[in-house]
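Asks: Use these hints to put chain B onto chain A, whose structure you have.
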Amino acid sequence: MKDDLRLKTHPLFDVSPDGCNRVTITVEGQAVEALEGELLAAALWVNGFIALGRNPADGSHRGMYCGVGHCYECRVTVDGAEDLRSCLIRVRDGMQVSLQKFAT
Amino acid sequence: MMQSSDVIVIGAGIVGSATAYYLAKAGFKVTLIDRRTPLAGGSATQACAGGVRQQGRVPAEIPLARYAIKLWTGLEAELDADLEYRQDGMTVVTDDEKQIPVLSGRVKREQALGLDIRLVHNAELQRLIPGLTGTMLAGSYCPSDGHANPMRTVNAFVAAAQRRGVRLNWNCAAEGFVVENNRLLAVKTARGDLACGAAILAAGYWSRAIAAAAGINLPFRAHALQMMVTARRPHQLDQVLGWAGNGISLKQMPSGGFVIGGGWPGCATPEIYHTRLMPGSMAKSARTTVGLFPSLADVPLLRAWAGIEAFCADEMQAVGPAPRIAGLVLAAGFSGHGFAVGPGIGALIAEHIATGRWPRLLEPFGIERFGIG
Numbered sequence: 000m001k002d003d004l005r006l007k008t009h010p011l012f013d014v015s016p017d018g019c020n021r022v023t024i025t026v027e028g029q030a031v032e033a034l035e036g037e038l039l040a041a042a043l044w045v046n047g048f049i050a051l052g053r054n055p056a057d058g059s060h061r062g063m064y065c066g067v068g069h070c071y072e073c074r075v076t077v078d079g080a081e082d083l084r085s086c087l088i089r090v091r092d093g094m095q096v097s098l099q100k101f102a103t
Numbered sequence: 000m001m002q003s004s005d006v007i008v009i010g011a012g013i014v015g016s017a018t019a020y021y022l023a024k025a026g027f028k029v030t031l032i033d034r035r036t037p038l039a040g041g042s043a044t045q046a047c048a049g050g051v052r053q054q055g056r057v058p059a060e061i062p063l064a065r066y067a068i069k070l071w072t073g074l075e076a077e078l079d080a081d082l083e084y085r086q087d088g089m090t091v092v093t094d095d096e097k098q099i100p101v102l103s104g105r106v107k108r109e110q111a112l113g114l115d116i117r118l119v120h121n122a123e124l125q126r127l128i129p130g131l132t133g134t135m136l137a138g139s140y141c142p143s144d145g146h147a148n149p150m151r152t153v154n155a156f157v158a159a160a161q162r163r164g165v166r167l168n169w170n171c172a173a174e175g176f177v178v179e180n181n182r183l184l185a186v187k188t189a190r191g192d193l194a195c196g197a198a199i200l201a202a203g204y205w206s207r208a209i210a211a212a213a214g215i216n217l218p219f220r221a222h223a224l225q226m227m228v229t230a231r232r233p234h235q236l237d238q239v240l241g242w243a244g245n246g247i248s249l250k251q252m253p254s255g256g257f258v259i260g261g262g263w264p265g266c267a268t269p270e271i272y273h274t275r276l277m278p279g280s281m282a283k284s285a286r287t288t289v290g291l292f293p294s295l296a297d298v299p300l301l302r303a304w305a306g307i308e309a310f311c312a313d314e315m316q317a318v319g320p321a322p323r324i325a326g327l328v329l330a331a332g333f334s335g336h337g338f339a340v341g342p343g344i345g346a347l348i349a350e351h352i353a354t355g356r357w358p359r360l361l362e363p364f365g366i367e368r369f370g371i372g
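Chains as they are written, first to last, in numbering that gives the first Met the number 0: chain A, 0 to 103; chain B, 0 to 372.
Hints may contain errors.
Among the chain A residues that face chain B by a calculated CB cut under 7 Å, a handful are [unchecked claim]:
no.: 1; residue: Pro55
no.: 2; residue: Tyr64
no.: 3; residue: Glu72
Estimated spans, in silico, between C-beta atoms of each pair [as the list claims (entries may be wrong)]:
no.: 4; chain 1: B; residue 1: Lys97; chain 2: A; residue 2: Gly28; range: 21 to 27 Å
no.: 5; chain 1: B; residue 1: Ser294; chain 2: A; residue 2: Glu27; range: 23 to 29 Å
no.: 6; chain 1: B; residue 1: Arg190; chain 2: A; residue 2: Glu32; range: 56 to 62 Å
no.: 7; chain 1: B; residue 1: Ser254; chain 2: A; residue 2: Tyr64; range: 16 to 22 Å
no.: 8; chain 1: A; residue 1: Gly68; chain 2: B; residue 2: Ser254; range: 39 to 45 Å
Hints in this document: simulated from the structure, not taken from any laboratory. These numbers were taken from a predicted model, which means no experiment stands behind them. Using N, Cα and C, we set each Cβ at its ideal position, and we do this for glycine too.
In isolation and in its complexed conformation, chain A is listed as follows (with noise of 0.2 Å):
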C-alpha cells in the first residue's frame, strides 16, 4: 500500500493497518486497493480520487467536504445505487463504485 493520508498512529485507538485485510474495489472501471471495513470516501481520497464531482454552474471541482453525512458532497454511485454517501459506507471487497457524471 503506497504511502498515503492515513493515520499511523492515534494516542487513544489502534489505527495501524497492520493485521488489516486488503480488499480490492473498482472505481470507474480501475482496480483499487483499500483496507476492509475503512470508509469508503477515504478510500477514495487516499487512492487519488479526490474530485467526486463537478458543480453544474462552474464546472469545478466538488468532493468529500464534511466526512460525516451532512454535505451530500462525497455522494457516489455503489453496485448500481445512486447518490450515496461514500463517508458513511464501508468497503467490500469487490465493490463497484463511480463517480458523478451528470451530464448538464
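Replies: Relative to the frame of chain A, chain B by itself:
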C-alpha cells in the same frame, strides 16, 4: 458623510434589485443598499421557489402578473444573463373530484381576465406531464407560466444595475428616514445619512422596523418558508407542478435537481435574521412530493433551507407611496408570491418616479387598505 442620489433603494432582493435597475435605465442616479449582501442567508428571495406564474393569484393581481410575464420573456436579453428562465407552463392538479368544480371556476375567472389557461383532464394531463402520478383527475394548465432561478435573477439585476451606474452599498443597514415638512430628505443608515430625492423600501419583513422609525406601522407577520432540492436526475419535468390543497411547488432545474417549495414552515427569528428548519415540515413536504411525482421516491434530498418572508393579513403585498412622507415608496410584504411580479414592480415603480403618477396596475396594493394611513 452625505451622498446624494436621486433614489435610494433599500434591500437587494428581487424587488429592490429590479427597481434599482429600471430606475437607472430611466436615467436616475440610484444607490442600492442592503444590510448585508444580495441573497444573504435568511432573506426571502434566497428561499423562494422560483415560480414565474400568473395563475392562482387573487384577481386584483393577475393584470400585474401578466404585465410581469411580458417582461420575463425578454428579461434574459435585457439583462444579458442566463436566468434559467423556462416558460414551459404550470399545472395545478387535483385527485379530488370535489375540487374539480373549484378548479374549473378559477380557470373560468382567470380566462375572463385574459389569461391563457384551461382545465385538462385525465389522459391529456398524463400526456402533458409524463411522470405525474396516475391518480390525478384534472388540472389547470397555463402554458405561459414557468420558472426561473432566483439567485441568478437577482445577481443579474444587480450586475445590470451596476453597469448602468447604480452605486451598490452592501453591509449598510437602513435605520430610518430624515423627513422635513413631510418631505423625505435622506435615509438614515448604520453608516450615516444618505441624502436622496426619493427612497424605495424593499427590505422584506425588515421593512417593518425601518418604516416604524418613521411612524409607519406595516402589519407584517414573519414566516420562514422552507425549500428542498434533490440530487440531479436526467431531465424529466418541464412544467411547474402544484397540487390543489397540498403545499407543493415542484420544478426541475436545468442542472437536474428537483426544487421543492410549497410554503412549508420553518422557524423564523427575524430579529437576528435567523431561520431553523423543521424536520416535520421536511417530511410532509417530501411525502407530498412523492405523492405527486412517484419517481422521486428513490431520489435523495441534498439540501433544505429557509428564508423569512413578510405576510400581510390579506396575503397581498404592500406597495404604494408612504402616508405623510413625500418621496418614500413602500414595496414589501409580498406574502410568498413576489418573485414573478418583482420585475414588474420594479419597472412600474420606476415609471412612478419618472412621471409622478401611481401606475394603475399597482393601485390595489396600497397600504391605505390596512386603515393605518
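Asks: To test your reading of the hints: which numbers does this structure violate?
Replies: 2, 3, 4, 8
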